[in-house]
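With the hints as extra help, turn the sequences into a complete structure.
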Amino acid sequence: MQNVAEITRTAKPGVKPQLVADVVREAHDTHDPYDERLRQSPDWPVAPGDWGGRIYRAVSLPRLRYALLGFALFFGLWYLLTAVVVPPRFHFIPDPVYLFGQWISKEPQYGISIFTPEYYEHIKVSVIRVYIAFAISVGIGAPLGIVLGWSSFGRNTLFPIVEMLRPIPPLAWVPLAVLTFPETEMAVIFVTLLASFFATVLNTYLGVRSIPDTYFRAAACLGYGRVDVLRRVVVPGALPFIFTGLQIAMGVAWFSLVGGELIAGTSGLGYLILDGYTQLALPNIFIGMITLGVLGWASSALIRKVGKAMMAWHVKGQGEAA
Amino acid sequence: MNTIVLSGFARRRERVKRALQNPVIWQGALGIATFFIVWQFARWIGLMTVLPSPIEVAQAVPQQMEQEGYWLSWVASSRRVFLGFFAAAIFAIALGVSMGMARKLRLGGFPILEILRPIPPLAWLPLAILFWPSPEMTMVFLTFLGAFFPIFINVLAGIDNIDMRYIQAAHSLGASQRTLFWRVMVPGALPSLFTGLSIAIGITWEVVIAAEMASAQLGLGYLTWNAYMSQSLVGIVVGMLSIGIAGMASSGVMSWIGKRATPWQRGH
Numbered sequence: 003m004q005n006v007a008e009i010t011r012t013a014k015p016g017v018k019p020q021l022v023a024d025v026v027r028e029a030h031d032t033h034d035p036y037d038e039r040l041r042q043s044p045d046w047p048v049a050p051g052d053w054g055g056r057i058y059r060a061v062s063l064p065r066l067r068y069a070l071l072g073f074a075l076f077f078g079l080w081y082l083l084t085a086v087v088v089p090p091r092f093h094f095i096p097d098p099v100y101l102f103g104q105w106i107s108k109e110p111q112y113g114i115s116i117f118t119p120e121y122y123e124h125i126k127v128s129v130i131r132v133y134i135a136f137a138i139s140v141g142i143g144a145p146l147g148i149v150l151g152w153s154s155f156g157r158n159t160l161f162p163i164v165e166m167l168r169p170i171p172p173l174a175w176v177p178l179a180v181l182t183f184p185e186t187e188m189a190v191i192f193v194t195l196l197a198s199f200f201a202t203v204l205n206t207y208l209g210v211r212s213i214p215d216t217y218f219r220a221a222a223c224l225g226y227g228r229v230d231v232l233r234r235v236v237v238p239g240a241l242p243f244i245f246t247g248l249q250i251a252m253g254v255a256w257f258s259l260v261g262g263e264l265i266a267g268t269s270g271l272g273y274l275i276l277d278g279y280t281q282l283a284l285p286n287i288f289i290g291m292i293t294l295g296v297l298g299w300a301s302s303a304l305i306r307k308v309g310k311a312m313m314a315w316h317v318k319g320q321g322e323a324a
Numbered sequence: 410m411n412t413i414v415l416s417g418f419a420r421r422r423e424r425v426k427r428a429l430q431n432p433v434i435w436q437g438a439l440g441i442a443t444f445f446i447v448w449q450f451a452r453w454i455g456l457m458t459v460l461p462s463p464i465e466v467a468q469a470v471p472q473q474m475e476q477e478g479y480w481l482s483w484v485a486s487s488r489r490v491f492l493g494f495f496a497a498a499i500f501a502i503a504l505g506v507s508m509g510m511a512r513k514l515r516l517g518g519f520p521i522l523e524i525l526r527p528i529p530p531l532a533w534l535p536l537a538i539l540f541w542p543s544p545e546m547t548m549v550f551l552t553f554l555g556a557f558f559p560i561f562i563n564v565l566a567g568i569d570n571i572d573m574r575y576i577q578a579a580h581s582l583g584a585s586q587r588t589l590f591w592r593v594m595v596p597g598a599l600p601s602l603f604t605g606l607s608i609a610i611g612i613t614w615e616v617v618i619a620a621e622m623a624s625a626q627l628g629l630g631y632l633t634w635n636a637y638m639s640q641s642l643v644g645i646v647v648g649m650l651s652i653g654i655a656g657m658a659s660s661g662v663m664s665w666i667g668k669r670a671t672p673w674q675r676g677h
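So the sequence lines, in the order shown, correspond to chains A and B.
Okay, so the first sequence: first residue is 3 according to the working numbering, each after it adds one.
Okay, so the second sequence: first residue is 410 according to the working numbering, each after it adds one.
Note that these hints are calculated values from the structure, not bench results.
Don't take each hint at face value.
Unchecked claim - Covered stretches of chain B (in silico footprint by chain A; criterion: 3 or more residues with CB under 8 Å from a CB of chain A, positions within the stretch not fixed):
1. 508 to 518
2. 521 to 532
3. 614 to 627
Ideal placement from N, C-alpha and C gives every residue a C-beta, glycine not left out.
Structure (structure tokens):
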């Protein structure tokens, strides 16, 4: 709590510093208008157990007020343009009340809602594809990135190949992947993993290159073998960059997955959207899009969390975007 | 006379020798050569039955480039990319700057954009096809979406990361709002803006390729898809290479402009 000093200083000027707990208790007991104003400031600690105060605090934050106002405007405009006055072509967009009603309806018009097993089937297929692709791209990409960063022979020979293949967008591989792989499933996973593979390789490489030379020399002086240098210097040193890379990798994996499923899939959320298009089941298009957004966001949040837990020593995130 | 020729020759030989001794060059050449030789051998011994070998691809390049619509495809794809990209850049910079400087606007508008951002641009494709009257507009809209968020986020981050002391110093030196904007905010956010622009141009190429595969009559993505439909593997590979070259050239131009626009960043 960084405001402790400030509280003891400003709460009772002229009085010698007190225990913070005393100050807090006193301010809650008395009804001094000066204290009242202080208590409403966002930095003031809420008394333990004072849930009403905590809720009041959260609601009265300007951050929340403006966010709610923004959402109200957004949904209001959406409703206005799709249900009240409908300009040409806006009839393709379902109004929000109908859309969310369908989403939580027990008997949806087009067969997809939170109560239908098909919805979860599509989610499961897409999530499994993304995570398999992610695991493969990290499993190959991170070691390759370490080789590129650590060994100059490896860097000189392999880096030009990586740089030659990297500019080809993953979705341009779709036709080739569909023809080359015996199953569509493998083709979709291959397309999904390509972009995340390059993001992982590049960021791991940059991470290893960012380790100061002195660390390697110190390790050599202390008699570390190659395995120890790898475990104690290279991997921890590159970890912040690797995690930046993993976050980018997760984002581009979802991005390419949708492309792969749209063009070549027969199941999954991307296919759900495409199917909604061909059947003109408009709510399904939106349900698929929003679900994809939520899943993509949740996956990135998960990686951020794991990264923070694994890098307790690393205070501020840094890294390079691919 | 004779000695001059000899020394010129010797100098050239010296230069070649030095290049060959440079590990970056000979090892790089070794890597790429190995890549192609392995690919060619895999084809010869029958490991790769579908993929054409590098020699077949190289032989087919002139014929593929002569086919009708090859260069028109370049023009069509580039036009879609650049229209979407420029529209996105203008909108994203305007919105990023206003949100970076007006707190209330940001508190109200940012959460909505944060909710829209994780939706992959390609997931908008079916809706965009329905909504926009022409396929051309659909594709420009998708490239716009793909480019908008990286630029917007980077503009905002660039403004956020400006050292508070610069702004305070400008204030205490009596800078007007306009001076503050042009002399502190713009140069402070420029490097980050260019990071956003170069990420965005890469994404627009990816998006346009997918969109063209799904719904175009012309374009590099359509060319590749067409080759797939007619089972011409050489055509697919040539299409992929063309897309790669187009994307690389755009990124190159972008980073060249970026370097020109932020000369003080050269050391980084």
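Hints the structure violates: just list their numbers, smallest first. none
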